[in-house]
Structure formats: C-alpha cells, structure tokens
Amino acid sequence: MRVTWRSGQCGRVSIQRARWIAGISEAEAASPIRATIHRSAAGRSRPRRSVVLIIVAALGISLRSPGAFAVDGGARELLDLSLEQLANLQITSVSKKSERLADAPASVFVITAEDIRRSGATTLPEALRLAPNLEVARVSANQYAISARGFNSTTANKLQVLIDGRSVYTPLYSGVFWDVQDVMLEDVERIEVISGPAATLWGSNAVNGVINVITRSAAETQGGLATVEVGNRENGLAVRHGGATDGGGHYRVYGKFSDFDHTTLADGTAVRDAWHKSQAGFRADWSGVRDSFTLHGDAYGGRLEQADPRMSTVSGLNLNAHWNRMLEDGSSLRLQSYYDRTDRNYPGTFAESLDIANFDLQHNLRTLGRHVIVWGASYRHASDHVDNTAALAFLPADQGLSWTSVFAQDVIALREDLHLTAGTRLERNDYTGTESMPSLRLAWKPTENRLLWGALSRAVRTPSRIDRDLFVPGQAPFLIAGGPDFRSEVSNVVEIGYRAQPNRAVSYSITAFHNSHEHIRSIEPTPGGALVIGNGIEGTTNGVELWGSLQATRTWRLSGGLLELRQHLHLAPDSASTFGVAGESNDPKHQWSVRSSVDLASGREFDLTVRRVGALPDPAVPAYTAVDARYGWPVSSGVRAALIAQNLLDPTHLEFGAAATGSEIARSVLLRLTVQF
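Read in order, the letters of the sequence shown are residues 1 to 677 in our numbering.
Incorrect hints may have been included.
Straight-line alpha carbon distances no greater than 20 Å define the calculated SDA-like cross-link-like pairs of lysine to any residue that follow [to be verified]:
hint : residue 1 : residue 2
1    : K97       : R366
2    : K97       : R325
3    : K97       : T424
Source of the hints: derived by calculation from the structure; they are not laboratory data.
All chains, please: the whole structure from these sequences, using the hints.
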C-alpha cells in the first residue's frame, strides 16, 4: 500500500485508444460507428480507428446507424441539526440571495458537510452521488458522466457548475472536466444542487441544472487538520492549517495528493487509466462593519496513464476575489472577479491551453414595498489555444471568445402567502449574438412548513468550439468540417413542485417537469460528402423527482430519493442525419437511493447507502445495485478513524459504456484517519 498526498482538484482525462477531451470511453465507440462513418465518406480512404474514436468522443454522442468531524473553530455540523432546522438552512443558488431552503421555489437539494463526511466520498464527483436529482456514473478511474434530467455523457453540456462562484465549464465543449474540479472536501460547507433551468440567474448552460459548491470561510477552519487514506484502489493524504491575522482577518492553506489505481475490463484486462494528482491552495477572509472581502486560489497538476506509453498531463491555477458591501439604504453590492488557467496535453492527439477572465456585478436592492429586486451584469473572456494534429484540428487554432450579459429578477408579494418571481437575462456570445433567458415562478405557502410552486422557463445551451470549429481529420479532405451554422440549443420547461415537513420527524420534496427541446446537436451530411454538426434533433423530456428524510429516532436518520425520467427525442423534419438520436439520450429511466445514518454509543457511527440505477439503452449497460458502508469511531481526543467499503455486492460492475470495452468499477475498501490539531 502506498500512502500519498491526496489531491482534491487535479485530475486527468483519459484518452485510451485515442479518445480525448473528456470524451466517451472506448466502449462508447462501437464497431457500427466505424462502418457508418466509412460509408458516409465513400471514395475516401478508410479512417483510422483512432480518428473515428476521436470524432465520437468530441461530439459526445454515439453515432450509431438508425436502428467532522470537520467542524473547525467550534462551528456546529449541519447533520447535528434537526429536520426542522435543516428546512431553515439558508441557501443562495435559487434567488441569488439568502433564503430558507423551505421557501425556495425550485427543485433544490442541499448536500451538507456532514453528509459528505459520513458518505466516505473522497472526490467531488463521488460526493455528488448524494444528490438524488443528479445522474452520476463513473466511466473509468478518472472519468465521470454527470448530468441532471437526462443527456448524460462524459461530455454532458447542459449543467452549470460553480465552485465558490467560479464557473468551471469549458468553452471547448460546454461541459466540465470533472478530473480537475475538486476541493478539499473537509472545507465544503454545502453543495446546492438545482435540477431544472436556472439560466435567468446563472446564464447559458444552466439548462438542466446548477451545482454550486460553497466552501467554509477561513474563520471556520482554524487550527490544523490532516487526513490519511489507505485503500486497495486509492491512497491519499491532505493537510490544512488555518490562522488569524492582526487586522481581524483569517486564512487557511492546504495541500493534497492522491493516487488512483487502474480499472479493468470485464475479462480482467487492465485498462491504462491510473492517475495521480496534486493540489494546493489558500483562502483569506476579512470582514468589517459594512464590507467583507475574500481572496482564494488553487494550483494543481497531475499525470494520467493512457494507451500511448507517454503520460498525459494536466495542470492549472485559479485566483478568485469577492467583495461585498452593505449600502446605507439597506441594499447590498457584490463584485467578483476571477482568473482561471488550464493546460492539457495528450501526446500525439491533442493539447490545449485556456485562459479565462471573468467579472460579475450583483446589486440586491432593499425591499421596495411588495418588490424584492436583484440585478447584475457579467463579462467573461476566454483565450483558447489548441495544438492541432493530423488526427483533428480546431480552426482557427487560436480563438478568443467573449460573453456579456445582464439580468434582473423581481420577487413580488401578491399576498403574504403568495409570491410571483419574474426575471430575464440577455446574454451575448460571439457565435449566435444575443440570447434571452426569461423565467416566471409562482410560490404559494399556505403554512410555514408547506410550499407549492410552479415555473415556466426558457434556457439555452450556446455553441462551443466543438460545435463550430472542429475539423476531423486535421487537414482536408475532412470527414467533419465544422458546423458554421450551428445555433443555440433551446429548452422550454414547465415545472411544478411541492415541499413539506408535516411533522418534526418527516420532510419531503416532489417535483414534476416537462422539457421541450429544440435544435439539439446532430450530425448532418452535406452534398460534398463531408459531415457537419447541425441542430437536427428535437423532442421532450418528462420526469418526477422525489426525496425525503425521516428522523426515526434521536440517533437514527433515514433519507432517500427517486428519479423517474422519460425522453422522447427524434430527428427534426429538416434533418437529413443518418445517425439517429440514441447517443443523446443514454440515461436510466429510473434510479433510487436510500441512506441510513446511525449514531452509536461512545462517538461511533455507522452509515449504509443502497442505490439502484436502471439500465442504459445505448451503449447498453445493465441495471445495477450498489451498497456502500462506513463505520467511524474516535481513536483519541482530536483523532477519528473510519473504515469505508464501496460496491459491496459485486466484485466489479459497469456504470457507463459498452460491456466489452467499458471500465469495470471495482469493490473498494479504504481506511481513513483524521487528525485535528
């Protein structure tokens, strides 16, 4: 067993057998794909297997022929709160202002710090499994497919993800490189997960949901903390120290390193996807009478094994500043600015350097009679450089992209128990010009513990570089010759939800939704024989989300969730695509989970999670059931240990990709030691 520093945010994207940029696994590129593309390029030499796989990975679709301990500084842990107190938990993602979870008119689930600790999660994607309104599938040792309300893949592109207000989606494909999105989990205060459109407040890409990771202030992480993890599939170490300054400020610094073992295929063959990552960072907070200021940043680097003997590398850094001021008239002003640099190098296939600068302004006006108004503006600029190869090219190789937007939202008190929320965002991008994203929400609160709400929303997914600038192979004649006319994907959404706490021991939330999708990405033929990326898919998504909690006894809590999803996608009348729509809707029709958390005598804890995920249609993945368990106990003052076992039912199982070539996720056991000093 190796003991290594455990990394939070750095990681790698696998390109086994020429897959790339957080694309699909080898399993998703089945032999019918090669045959189909070969037929579509009649008269040309048959493309190499690697090029075909690159095409599939880049498009993120299957081109088939039709057919706390962690409480620092004395802060109280959230799991120690009663269900009633959790309903009063303040959140900010739904309205961009602080409000009670019980009052938020949206399908929102909050993952607390204690939820994360007692789950045994070691990475941010694993922690997101706690949200019943998300689809989370582990694709390989280093890749995940994460989405809400369908359209899941390793290049899922309809989810806005933020870490302390910093948007982490890449303009390369409008998705998230999950291998480098992480924080020191012991520092997370909560993760707010919205399923459903939130584009009015959070902009394009917030089509099917928002994940907002919020870390603790430095004042709440004083003193020292170290964790050591030793397991059969991963090992790690993390260290953090927090202190105070003479001027009334607080700070913390941390470092992490981790080592993940490779996965195997169903026949036991090892997959070269082991990864090693490291990260360090800091946060500083200062608060005055009217002002508060936060500065934090991270730097990371890592290596990933791939089929090519050369190791892939990834590195990056970010710096994020927030300033909040309470104005004399009772309103508040918030300014945020950040810089984000990422570098990825997959030898022989692809390399990218990306710089992003972002500026946000938000003004929460004081209450004006019946009106509570918030407005804001933002500017984001990305400078992207790609090292093109014979296999693929982004043309131009150097591209600068800008997004400018303004938004406003008004919460109107029609009656004391009835509120109407109306808002819109206008956002300009360099590909399609100005897009509008309006929303309308009505919330009725007949009692303090019941809320009935409904919403009408429009959200868009704006073009990415893959949609407009991708050429395969890297020089003419092209199989795929960009998508010069690709426009924004549009979703019009209707939602209705109900949230209640009928007594002190029970709480639940249920939401039904209907999404109407237009201009979804497709692959279209051209008279010249090349393929272009178009907008030839449309259809609907319908579903129900349900979750709840039961405080069975003072020391035993049960919680669970259920997601039912139905997608009906088809080619638009003007589409000439021969590739169908299967790759855009590879989601389970249902999934459910149940968690049990028991506080035993003498500070001991036992946690058990059972989750069931339905079958995936194409590539076909059988339904599976996973059982995870955790047993924690105090070793001495300031020292706790936990034994964590995952996937107890089967030695291995497949979560995403084709059966013959997909990575099997293995049973794992890990011992964690946490020291507070």
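Exercise. Straight-line Cα separation of K97 and T424 no greater than 20 Å?
Worked result: Holds: K97 and T424 sit about 16 Å apart, inside 20 Å.
Exercise. Is K97 within 20 Å of R366, Cα to Cα?
Worked result: holds (12 Å)
For this session: Starting from K97, check that the Cα of R325 is at most 20 Å away, please.
Result: holds (14 Å)
This entry satisfies every hint, going by the numbered hints stated previously.
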